[in-house]
Amino acid sequence: TLIVDLPRAAPGFDTAQIAYVRRPYEIEYFAHNQWVDTPPKMLAPMMVSAVERSDAFHAVLAAPTSATGQWRLETELVRLQQDFSLAPSQVRLTLRATLVDTPARRVIASREFDVRVSAATDDPYGGVVAAQRAASQVMTRLAAFCAESVAR
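Under the numbering used here, think of the first position of the sequence shown as 8, with each following residue one higher.
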């Protein structure tokens, strides 16, 4: 059984505001557009579903849960932003994942997933569509990472 913790978020990314950058190290937010929830809360069910589809675990549960599991997946949303310094703009999603053997309290594997997807349009809607594609790519890689790590 794998327990999937709610992702932590790096500073600036634990908000429903949609982040973008026009130059390095300066995060801005769209004034009239936002996510329906914070990115960590939106990514958590996607992680559970993706890892569940891998069939590498007896069960995959979202935390918090009263169940105990052999494994725990801890993640951190490092970045989710639309970059307008490029043409066309790109959405960059970076997720750091750590797989823990719960009874042994030992890290089994750790990896950072970094995906860039070009936006079809240079506006918030184009960024949201690109973010969905980026999240899908990261979830596929995350599921494979979890399956490979426990198979060793």
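Careful, some of the hints might be misleading.
[Unchecked claim] List time: in silico DMTMM-like cross-link candidates among lysine to aspartate or glutamate, alpha-carbon distance up to 25 Å:
(1) K48 x D108
(2) K48 x E33
(3) K48 x D62
(4) K48 x D12
(5) K48 x D21
(6) K48 x E83
(7) K48 x D130
(8) K48 x E81
(9) K48 x D90
(10) K48 x E35
(11) K48 x D121
(12) K48 x E59
(13) K48 x E119
Bear in mind the hints are in silico, worked out from the structure with no lab data behind them.
_Hint by hint, where does the structure go against what was stated? Just the numbers, ascending._
Result: no hint breaks.
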